[in-house]
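Enquirer: Sequence:
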Amino acid sequence: MNKSIITFLAVVFLLNCSVAQKTTAPKTLDKSAIKASMIKALEWQEAHPIIAIAPTDWTNGAYYTGVVRAHKATKDMMYMAALKNQGYWNNWNTFNRLHHADDVAISYSYLYIDMTDGRKNFVDLEPTKKFLDAHLYEEDNWKAGTDKSKYGRTILWWWCDALFMAPPVLNLYAKHTNQPKYLDEMHKFYMQTYNQLYDDEEQLFARDMRFVWQGNDKDSKEPNGKKVFWSRGNGWVFAGLALILDDMSEEYQHRPFYENLYKEMAKKLLDIQPEDGLWRTSLLCPESYNHGEVSGSGFHTFALAWGINNGLVDKTHTDAVKKAWNALTACQHEDGRVGWVQNIGAFPEPASADSWQNFGTGAFLMAGSEILKLD
1 MNKSIITFLA VVFLLNCSVA QKTTAPKTLD KSAIKASMIK ALEWQEAHPI
51 IAIAPTDWTN GAYYTGVVRA HKATKDMMYM AALKNQGYWN NWNTFNRLHH
101 ADDVAISYSY LYIDMTDGRK NFVDLEPTKK FLDAHLYEED NWKAGTDKSK
151 YGRTILWWWC DALFMAPPVL NLYAKHTNQP KYLDEMHKFY MQTYNQLYDD
201 EEQLFARDMR FVWQGNDKDS KEPNGKKVFW SRGNGWVFAG LALILDDMSE
251 EYQHRPFYEN LYKEMAKKLL DIQPEDGLWR TSLLCPESYN HGEVSGSGFH
301 TFALAWGINN GLVDKTHTDA VKKAWNALTA CQHEDGRVGW VQNIGAFPEP
351 ASADSWQNFG TGAFLMAGSE ILKLD
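Take 1 as the starting number for the sequence shown in the numbering used here and just add one per residue.
Check each hint, because a few of them may be wrong.
[Stated by the list, open to error] Computed spacing ranges between beta-carbons, pair by pair: (1) 346 - 54: 14 to 24 Å; (2) 144 - 77: 18 to 28 Å; (3) 99 - 220: 49 to 59 Å; (4) 137 - 251: 23 to 33 Å; (5) 35 - 146: 26 to 36 Å; (6) 263 - 224: 18 to 28 Å; (7) 149 - 129: 26 to 36 Å; (8) 224 - 180: 43 to 53 Å; (9) 35 - 180: 30 to 40 Å.
Hints were generated in silico from the structure; no laboratory data involved. Glycine included, C-beta positions come from ideal geometry on N, C-alpha and C.
Assemble the whole structure, with the sequences as input and the hints as a guide.
Expert: Structure below.
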């Protein structure tokens, strides 16, 4: 194809993207419209299942966490029906990599059903317990520090996404079963990840050790000279913090750590929020892909709205969060599909109006669940 035509199409693409995503914050929120857009997203996603590895994989874990939050906020039984159906057909199983945090994310939905449904022995939590016990107490190569690859696989949760996948499950399991030892173990492994990947200067998380600035590694810098911080990666952490704090006892001895970390990330993400409301896939180099992205932005919006609703973020930031939600809804297709979701990855990449993933729908539902509570 002629180079000038390619350039023209790229310009048109970006212009269409910016026009589609250009929004302003409404003075009031139409709760019926929010609920309708959430139900449309649910219905479309349930009719278009996508399996990255298995029905119990992390993508469905993130999606059904969104369904959990939507049900918790609205009590609409359509969400509970979806939750029960997937749990039943999954036989309440996790996925099978017992030392990989991703593969227990689905259990957040199982725990919620067991805590909410009220029927004894409907949910089988034994597979979740088996996973957690193996995950925490069995030895593996990552824990032993024998993997010396560039990814930094020398700790259990060596990638920042893991802080969404396993810690909220461990926290909720400890609460539901009244076994605080699981919460203490969660904190131990969380601190390993925090110490390895959190950047005190930028108050953001590197995705893994490939993106931790070593002083001479050009690959861990953006073209503008900034460090590489992936929006969805930080969205995983930030949304995970809100989930953890929502379920964690006010009296837990380490709760102040999670509150302080949450506040630091909230301030940073508000400071760098683009004018149109949606965060770019590269948080500190937004010009790399100058369009908003829904999965990271959905998680950021959920966590910020949760913070306003729970007193950890000042209410003066409400308009910024409303603007983000308005921009998210502009990325939803008429049929309910949620577009502008970066595909599965591990660093900043572009998205498009037609790119979607189930975890993007989960992020959208999570955001809506807390936006509903703002006014």
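Enquirer: Check each numbered hint from earlier against the structure, then list the numbers of those it violates in ascending order.
Expert: 2, 3 and 5
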